[in-house]
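Let's have the full structure, built from the sequences with the hints guiding it.
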Amino acid sequence: MSFLSIEPIRLLLYLVGIGAFVGANAAYLVLAERKIAGRIQRRPGPNEAGYGGWMQPFADVLKLFVKQIMVPPGADALLYRLAPLMVMAPPLICLVTVPYGETLVARNINVGLLLVFSLGSVNVMALMLGGWASRNKYAVISAARVVSQNVAYEIPMLLVVITLLMITGTMDLNEIVRQQAGGFWHWNILFLKANLLMPVTFVIFFICMLAELNRAPFDMAEAESELVAGAFTEYGGMGFGVFFMAEYSNIVVGCSLATVLFFGGWQSPVPIALLSGPLWGPLWFLLKLYALVFTVMWIRWTFPRTQFYGLLNLSWKILIPISLFTLLLTSVQLKVF
Amino acid sequence: MESQVDTSKIVQFAKLEDVLALGRAYSLWPLTFGLACCAIEMMAVGMARWDLARFGAEVFRPSPRQADLMIVAGTVNKKMAPAIKLLYDQMLEPKWVIALGNCAISGGPFVYPGQYAVVEGVDQLFPVDVYVPGCPPRPEALIEGILKLEEKMTGKRRFPVAKLQE
Amino acid sequence: MKPTIEQLSAAFSDLVGTRTDTAPAAPAPVQAVDHKRKGYDFDATVASPQVVPAAEILDRLGFALDAVTGVDWIARQEMEIVYDFFHPETSLRVVVRTRVPRDNPELSTISSVFPGANWHERETHDFFGIRFLGHPNLAPLLLPEDADFHPLRKDYQP
Amino acid sequence: MIAQKEAPSAGPSGEAPQETFVLNLGPQHPAGHGVLRVLMTMDGEWITKAEPVIGYIHRMHEKMGENRTWAKFLPNTSRIDYLSAMHYTHAFVGAVERGAGIEVPPRAEYVRVITSELNRIASHMVWWGALLSDLGGLTPFLYAFDDRELILDLFEGICGARLTYCYYRFGGLCNDVDDDFLRGARAFLKHMPPRLKLYRDLVTNNIILRKRLTGIGLISAEMCRKYGATGPVIRGSGVAYDVRKVEPYSVYPKFDFKIPVYPECDSMARYLVHMDEMEQSLRIIEQALDQIPAGPVMGKVPRVLRLPPGDYCYAVEAARGRFMVRIVSDGKDIPYRVKLRTPSFSNLSLYEEASRGMILTDALAMLGSLDLVIPDIDR
Chain A
1 MSFLSIEPIR LLLYLVGIGA FVGANAAYLV LAERKIAGRI QRRPGPNEAG YGGWMQPFAD
61 VLKLFVKQIM VPPGADALLY RLAPLMVMAP PLICLVTVPY GETLVARNIN VGLLLVFSLG
121 SVNVMALMLG GWASRNKYAV ISAARVVSQN VAYEIPMLLV VITLLMITGT MDLNEIVRQQ
181 AGGFWHWNIL FLKANLLMPV TFVIFFICML AELNRAPFDM AEAESELVAG AFTEYGGMGF
241 GVFFMAEYSN IVVGCSLATV LFFGGWQSPV PIALLSGPLW GPLWFLLKLY ALVFTVMWIR
301 WTFPRTQFYG LLNLSWKILI PISLFTLLLT SVQLKVF
Chain B
1 MESQVDTSKI VQFAKLEDVL ALGRAYSLWP LTFGLACCAI EMMAVGMARW DLARFGAEVF
61 RPSPRQADLM IVAGTVNKKM APAIKLLYDQ MLEPKWVIAL GNCAISGGPF VYPGQYAVVE
121 GVDQLFPVDV YVPGCPPRPE ALIEGILKLE EKMTGKRRFP VAKLQE
Chain C
1 MKPTIEQLSA AFSDLVGTRT DTAPAAPAPV QAVDHKRKGY DFDATVASPQ VVPAAEILDR
61 LGFALDAVTG VDWIARQEME IVYDFFHPET SLRVVVRTRV PRDNPELSTI SSVFPGANWH
121 ERETHDFFGI RFLGHPNLAP LLLPEDADFH PLRKDYQP
Chain D
1 MIAQKEAPSA GPSGEAPQET FVLNLGPQHP AGHGVLRVLM TMDGEWITKA EPVIGYIHRM
61 HEKMGENRTW AKFLPNTSRI DYLSAMHYTH AFVGAVERGA GIEVPPRAEY VRVITSELNR
121 IASHMVWWGA LLSDLGGLTP FLYAFDDREL ILDLFEGICG ARLTYCYYRF GGLCNDVDDD
181 FLRGARAFLK HMPPRLKLYR DLVTNNIILR KRLTGIGLIS AEMCRKYGAT GPVIRGSGVA
241 YDVRKVEPYS VYPKFDFKIP VYPECDSMAR YLVHMDEMEQ SLRIIEQALD QIPAGPVMGK
301 VPRVLRLPPG DYCYAVEAAR GRFMVRIVSD GKDIPYRVKL RTPSFSNLSL YEEASRGMIL
361 TDALAMLGSL DLVIPDIDR
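So the sequences go chain by chain: A, B, C and D. Just so we're aligned: 34 in our numbering is position 34 of the first sequence, and the numbers increase by one with no gaps anywhere. Just so we're aligned: 124 in our numbering is position 124 of the second sequence, and the numbers increase by one with no gaps anywhere. Just so we're aligned: 157 in our numbering is position 157 of the third sequence, and the numbers increase by one with no gaps anywhere. Just so we're aligned: 240 in our numbering is position 240 of the fourth sequence, and the numbers increase by one with no gaps anywhere.
Quick caveat, the hints were computed from the structure, so don't treat them as lab data. Note that the structure is predicted; figures quoted are calculated from it, not measured. The beta-carbon is built from N, C-alpha and C at its ideal position, and this holds for glycine as well. Warning: the hint list may mix true and false statements.
In silico lysine-lysine, DSBU-like type, Cα no more than 35 Å apart, as pairs [as the list claims (entries may be wrong)]:
(1) D/K300 <-> C/K154
(2) A/K35 <-> D/K197
(3) D/K211 <-> C/K38
(4) D/K254 <-> C/K2
(5) D/K300 <-> C/K38
(6) D/K300 <-> C/K36
(7) B/K78 <-> D/K49
(8) C/K36 <-> D/K226
(9) B/K78 <-> A/K35
(10) C/K154 <-> D/K72
(11) D/K72 <-> C/K38
(12) C/K36 <-> D/K332
(13) D/K332 <-> C/K154
(14) A/K317 <-> D/K211
Here are the in silico distance ranges between beta carbons for each label pair [unchecked claim]:
(15) A/L196 <-> D/A187: 50 to 60 Å
(16) D/P309 <-> B/E144: 41 to 51 Å
(17) A/P44 <-> B/E144: 51 to 61 Å
(18) B/E144 <-> D/E279: 33 to 43 Å
(19) D/D256 <-> C/R37: 25 to 35 Å
Pasting the structure below:
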C-alpha cells in the first residue's frame, strides 16, 4: 500500500488502468453490440475472427490504423484533426472520478459530479467542430442538430441531478454511493421517502442520457438514412475510429454515472457481509454497469428513430415540466419528512 | 496514378504486412451502394440466412470515406458512371472492388450492338479485384467472392474448397 | 360520377367535329373498341391542336393520366403521340392519339391540365425528340443531362 | 458535396431575406433505395423544393424491345421491377396473348395468380423492411427477409431463379408446379398469419413509428388522379382503385378478396394498406390453392409468333400499382414499339409537389412510404 501512496506512481498506474479500461471497453462493446444485434436479429454475428469472433476488434482497429490519412479538400485542417482528440478526452477524464469500488477510484474529487457534467459538454463541442470543419452539408446539418439536441436535453438532466443533490447533499460520487448502503431498497432509484416519483426521475435521466449520447432512438447526429453518416461523413480511417470508440466510451461514462447516482454503485443489492466487501464492490459495479449498457444496445436494435422536432418537443414539452415537478416534489417531501 | 512508384517493391515489412493483411481481410466494410437487382441479393447476404457479419463484413458504411470495399451491384449506365467514379475516388486507400453480377462485369443482358446507355463493364472505370458472375448471383456467390478477395489479400484460403468426388 | 362510353363519344364527337384544319382523317376518329381484344375501351384520334381540349374533357370526367408516349412511324414520316387515361372508379380506359409530322414534331403540352404529364412528356422528348410547347422544363429526364440524341427514333444510330 | 450557398434571395414581400442551400441527396444515398437523386433546396431543415433527378439506372428496356423477338424480351420484363418480377412478366405475356389471341389453360392462370400473390407478399416484405430501416429501425429488415426467403425458396423450386423469374410464357408457364410447391405454399399460408400478428404488435403499434408516419406526407386523392399515382398510394388516399377489381384480368374475378382502403392520405395509411394487402394476398392464395384444376399449363402457341398489326394494352396490379404494357405490332415477328407504364414513375412524379414545406426527416419517411424501385422508374 505504501508503494501505491506515492502520488506520481499512483497517478501513472491509474492513467494506464483507465486507458486500458476505456480501450478494452470501446473495443469489446463494439463487438458486444454486433453480437447483441446479431442475437436480436436471429443471426450469429461476427464469429470467424478468432474463437467466437473475439479477435474482431483487433482486426477493425488494425485496419483503421493503416487506412490512408487525408483531410478533405476545403476542410479546416486544424479543427478537422482536433475534433477526434476532443471527443476522446472527456470520457477518459470523467472516468477518473468514478468509484469502481470503495477504494478503487483514481482521484476522488469532492465535486466529481460537476466535473463529469462540465466535461460532458466538450463532447458536444467536438462533434460540432468535426461536423463544421469537414465542409460537408450533411455534416453541418448534423452538427446543428447535435447542438440543439444537447442544449435541450442538458436542462432536464441537470434538473434531475439537482434533485439528487438535494437528497444527497454532496457532489462527491463516492460519498453518494456510500449513502446508498444497506440493500437495494436504499438505492436512490427506490428512495421514495425523498421523492415518490424517484423511478420516473430515473427514466428521465436515462432518456436524457440516451439523447446526450446520441444513441438510438435519438441518434439524430448519425441519422444514417438521412444524413449519410452525420458529423463523421468526411472522416475515414482512425479519425472515424476514434469517434466510434468515443461513442462507446461515452456510453460507459453515462451508464457508470447512472449506476452511481441511482443503483448504489459498488453497493451490494442485499446487505449480507458475504456478498459485500472490497472485492465484491467492483463486481457489483460492473454488473450494474453492463446491465445498463446492454439496455442501451437493446433499445437501439428495437426502436426506430424519432423525428428531430419530435425529439425537441419531448424535451421541452414533457421532460422539462416533469423534471421540474419532481424537483418541487423532492423539496416538499424533504421539508415535510 | 500510373507514374507512381510501387513503394512495396522498395520497402517491405514482411511479417507486419501479413498481420495488416489479416486485419484488413477480417474487417472489410462495404459501401452501402446498390444499383439494381443485384443490390437485393447483396442485402440478402447481410440478412440472417447468410449473415455476412460472420466475416466481420456487415458494417455497411454509407459514407465512402469509411468504406474499404465497393460492391458494384448492378448495371452502371453512362449517366451514373461519373458518380460511381467519384465514389471510388472518395474511398480511402487501401480499397477493393467487387463487380457483382453480369451487368457490372460486362454490361450483361443489356449489351447489344447499338446500345446507348450502359457502361460495358465497370472495369472500364476503375480496377476490379473480384468478379462474381450471375444474373443476379446467388448470395453464396457473393460470399465466395468476398472469401476470394480475402484470399487475394492474405494469400490463404479461409475455408477448404469443396471438391467433387470422382 | 361515373362516365360512360356514350358520354365520351358525345364529348369527343363535338371536339373532332369542330376541327377546322385539314389533318389527314383517320378511318374512324372516335370509336369504342373491345376491351377484351385491345385492352382499352375508347380510342380517339384527334388533330394535334385538340389534344389539350381532349385532356380537359377527360379531366372533367374524372380520368387520371396513365402514360404519354410516342411511336415513330418512319415509313409515313409521322410521329404518333399516344395518351393513355384510366378512370379510378370504372374500368374505362381511353386512348387519345394524334400525329405530327416527323421533321417538325411539335404540339402543346397537357401538363397544365395534368401536372403528372410533365415527366411523361419529358421522357417522350428524350426518346423521340417531340417538342411540347409550353412545357415548364423540357430537360432530359432519363438520358444524361447533356444528351442530344433521341434513341427511340427508328433511324437512331449511336 | 462542397457546401455552396446561393446568394440570399428576398422572400415574398416584406420578409427578411432567406438563405437557402441545395442539398444533393444521392445518387448514392441510403434513403435513395438505389440510385435516386433528389436535389433539395433547403431552408434550414425545411424543404422549399425537392426535385427528383432520375435516369441513373436507365437500361433502355423499351429500345431493347424493338430489336428482339417477342419471346426474347421476356427476360427483360423480370428486370424492370425486380421485386415484383412475376407481375411484370404477366403484363407483357398478357398483352402478347391478347394480341395473338392465345388461350391460356385454366391451371396456368391459377398458378399465375398464386405466384403473383406470393410475389406481392415478398415485395411488400422488402418494402416494409426498407421503410423501417429508413426510419432507423434495422431489425425488422432482417425479419422481413427471413419470411421472404420462404417465398423465394418456393419460386426457386419452380423456375430456378430467386429474383428474376421469367416463369410465364406466352400461352402458359414454362414448368408445371409440383407437389412440393403446393405443399410449400400451404405451409407458408400457415406460417404467415402469426408473423403478421408479430409485426403488428412489434412494429405497427410502436408509438415512435406511429408518430413518424401519422399525418406525414399528405397526398390527396385529387393529386393521385392528376399524377396518375396508383397502387398503395392511391388506396392510402381513400380511392379503392385496384386493377384486379376494377379492370379484372386472369382469374381474379373468381376469388373473394377485399381492397384495403384508408382515407387518411398520410404515410401511415399507405403503411396500413401494404400490411392489409399481405393478408388479402394470403386469402387469394388460399382460395386459388383450393380451386386449382388439373390439366396442361401450356396452350397452343404458333412456332413463330406474329401479332396482327395494331396496338394492345394489358394492365396488371403490380406490387407498386398499375403496370401497363402497350405493344405496337406491325405484323412482324419483332415488336414495333414496347411501352412500359411503370407505377413507380408516376408515384414519384408527385413527390416534388407533395414534399414542399416538409422537414427533411419527414420528407425521407414519405419517400420511403411511396415504395419506390428505382430501375422501375428509369426502365
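Status of each hint after checking the structure:
1. D/K300 <-> C/K154: With Cα atoms ~33 Å apart, D/K300 and C/K154 stay inside 35 Å; holds.
2. A/K35 <-> D/K197: holds, 27 Å
3. D/K211 <-> C/K38: violated, 46 Å
4. D/K254 <-> C/K2: The given pair, whose Cα atoms are some 25 Å apart, holds under the 35 Å limit.
5. D/K300 <-> C/K38: Holds. D/K300 to C/K38 sits at ~20 Å (cutoff 35 Å).
6. D/K300 <-> C/K36: Holds, at roughly 19 Å.
7. B/K78 <-> D/K49: At roughly 27 Å apart (the allowed maximum being 35 Å), D/K49 and B/K78 satisfy the hint.
8. C/K36 <-> D/K226: With Cα atoms ~27 Å apart, C/K36 and D/K226 stay inside 35 Å; holds.
9. B/K78 <-> A/K35: Distance ~41 Å between B/K78 and A/K35 Cα, so the pair is violated.
10. C/K154 <-> D/K72: With a Cα-Cα distance of about 20 Å, the restraint between C/K154 and D/K72 holds, given a limit of 35 Å.
11. D/K72 <-> C/K38: Measuring from Cα to Cα gives roughly 22 Å; hence the hint holds.
12. C/K36 <-> D/K332: holds, 22 Å
13. D/K332 <-> C/K154: Measuring from Cα to Cα gives roughly 15 Å; hence the hint holds.
14. A/K317 <-> D/K211: Given that 35 Å is the threshold and the Cα spacing comes to 16 Å, the pair holds.
15. A/L196 <-> D/A187: 50 to 60 Å: holds, 54 Å
16. D/P309 <-> B/E144: 41 to 51 Å: About 50 Å separates the Cβ atoms of D/P309 and B/E144, which means 41 to 51 Å holds.
17. A/P44 <-> B/E144: 51 to 61 Å: violated, 18 Å
18. B/E144 <-> D/E279: 33 to 43 Å: holds, 38 Å
19. D/D256 <-> C/R37: 25 to 35 Å: About 28 Å separates the Cβ atoms of D/D256 and C/R37, which means 25 to 35 Å holds.
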